Structure formats: C-alpha cells, structure tokens
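> Same order as they appear, the protein sequences are chains A and B. In terms of my numbering, the first sequence opens at residue 1 and continues consecutively. In terms of my numbering, the second sequence opens at residue 1 and continues consecutively.
Please keep in mind that the hints were generated in silico from the structure rather than gathered at the bench. Mixed in with the good hints there might be a few duds.
For lysine to aspartate or glutamate, the following EDC-like pairs were computed, each having C-alpha atoms within a straight-line distance of at most 16 Å [as the list claims (entries may be wrong)]:
(1) Lys-63/B with Glu-52/B
(2) Lys-42/B with Asp-153/A
(3) Lys-63/B with Asp-129/A
(4) Lys-42/B with Asp-209/A
(5) Lys-42/B with Asp-129/A
(6) Lys-63/B with Glu-203/A
(7) Lys-42/B with Glu-128/A
Keep in mind the model is a prediction, meaning the values are calculated, not measured.
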Amino acid sequence: MRAFEDRDGVAVAELDEQERMVVARIVADVGLMLSGETFGMGDTPPLDTLQGADAILGYLRGLEEFLAEPGDPAVLRLLPNAAPTDREVSDEFRRLTEGDLRQLKVDRLRVMWQQLSEDGPEWEVTAEDALATASALTDVRLVLASRLSLETDEDAERLHTEIELATHALATDEDRELDVDHERVWLGMLYQALTWLQDSLVEFLMAADGEDSHE
Amino acid sequence: MSFEEQYESEGAVATRPDDPWVAIVWNDPVNLMSYVVYVFQKHFGFARHEAEAHMREVHELGKSVVASGGREQMEIHVQAMHGYGLWATLQRSGE
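Same shape as in the complex, but just chain A (with noise of 0.2 Å):
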C-alpha cells in the first residue's frame, strides 16, 4: 500500500488486489448500512473467491453483523443528535436533516466505490473528488471506530498499543499465550490503514490550496 501523493494535480494511491477488495467491501458495507443500496451488485467477485480471503471473509462477517444490528451505535455516529439535550430541537433538526445526509453520505461513498472498482493498483481521486473522498473515509472509519468500540483519544492510543503486542506476539508465534482477538486486531490495522491513507489525502488537499494562494 503507498499512501496518496501528487501526480501531475490528481491524488494517486496504491493498493494491491486484495486491499483494494477489502476497502471496496467495506465502503460498500457502509453505503448499504446507510441507505440499503447494493454498490455494483454482481460486478466484483465475491470475497470468497479470492485466493486467501477466508479469513478476512470472517473478520468482516462479524462487521456486516454489526451493522446490521437494530439501532446500530454506529449509524448514530454519521447521523448524531443535534441537540442531546433538547429533544424537540433534536428531532426536527433530524426530521430536516437526516434524508439529505444520508444521501450526500451514499453518495460520496459510491464514488469512492467506483474509484476503488477501476482495474489496476492505482487508486486515483481528482482534485474535485479529494475533499468529498477525505469525509468518505471519515464516515468509514467513525463505522470501525464504533465496532472497536473507540470513544476517547485513550481508546484509540491503546487500540495502536494492541496492534503492536498482536502483530509482535504473531510474529513470534506467542498469539495463543497472550489470547489475541484476531478479529479486532485486523479490523484495527484496517482502522489505521484508512487512517494513514486519509491523512496523506489531506495532506494533498492542505497542499493544493496551498498552490492556489499563491497565484
């Protein structure tokens, strides 16, 4: 996986096949948690007909479990309450609101869908498209934050932490002694990879204004 970086004005990051597929699956997780539309029904493979998808078809089982559950935390997090304290403001404002987020969400989502279906490692997002894929992938990681249950700046230090312990007891075969959550710890290095990549997304956005300015 390489991060976004600039090419000739247009943000470009790599991923490989299977990469590519999982973020692809859980953007569409996400869409359809949203709104109960299907992104590109029958024009990708199924998970499991990649080569060593088993695993990963599990882990993300259990996600599409979760967001499936009746009042989901996690639809909560992209459709907050506007007023916690005052029910009558909270509800008209959702009365008001909550159609036209949802959609402008789904819609930003399918874009980024489709980015992620073109043939080739290259994940390229316009100029145009890069402030829109940027809150897409807000709305994406807000889902697996809610899954790995991240509420404080605390929670997400200790998830980093975790995934260290984890991938060092994996590496040394020390998983079964220290009781590893295999499904948390691979949705968190998910969590940090959509991180990472969001982060250099903005990094081009903050960048290209930058240019702007100085015209």
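We have chain A already, so just place chain B on it with the hints.
Okay, now just chain B, sitting in the frame of chain A:
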C-alpha cells in the same frame, strides 16, 4: 464555498438578536487534526491560524464554539459539520 451561498439564501430568516444560538464542535477520537483544520477553513472561511485555534480547543478542551447567531443558521452549520463527519451540536447561547 457552499456555506456562503446557503447563508445568503437564509438571509431573510428573522433571527432574534436577544435569543442567539451557538454551534459547538466536540472532540472525538477519530477525526484527524489536519482534517478538522481543513474543514473549518473550508466551511467557515477561517484563516489557517484561526482554524487551528478552534481545532486545538476541540482537541484539548473537548469542544469549541465555532459560530453563533440565529437557530436556522446554526442548524445549517451543524448539518454541514455532520456532513463532514464531525460531531456538532447546537444550543441556546449561555445554556
């Protein structure tokens, strides 16, 4: 910038100056500091240092008041922040 246009179209909405509202952005462990600064600059038209000051308030104090005014204006800001994936709320000023 989208907000400017929305703001213009909302300009006719009567807001009571004696009953101002505020829009607040809250800390969360997910949003990147750089992204929050960028969104503040884009949406509110803040200068870089101003956007960074609000971001630091969010990160270090847990929240920052990013705008004040009529309820409808604050709803537009909060909706935009939710669009960007930031956790924002509105409330009557002084509550």
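> Each hint: holds or not?
Now the hints, each set against the structure:
{"no.": "1", "hint": "Lys-63/B with Glu-52/B", "in the structure": "holds, 13 Å"}
{"no.": "2", "hint": "Lys-42/B with Asp-153/A", "in the structure": "violated, 25 Å"}
{"no.": "3", "hint": "Lys-63/B with Asp-129/A", "in the structure": "violated, 29 Å"}
{"no.": "4", "hint": "Lys-42/B with Asp-209/A", "in the structure": "holds, 10 Å"}
{"no.": "5", "hint": "Lys-42/B with Asp-129/A", "in the structure": "holds, 14 Å"}
{"no.": "6", "hint": "Lys-63/B with Glu-203/A", "in the structure": "violated, 24 Å"}
{"no.": "7", "hint": "Lys-42/B with Glu-128/A", "in the structure": "holds, 14 Å"}
Hint check: violations occur at hints 2, 3, 6; the rest are consistent with the structure.
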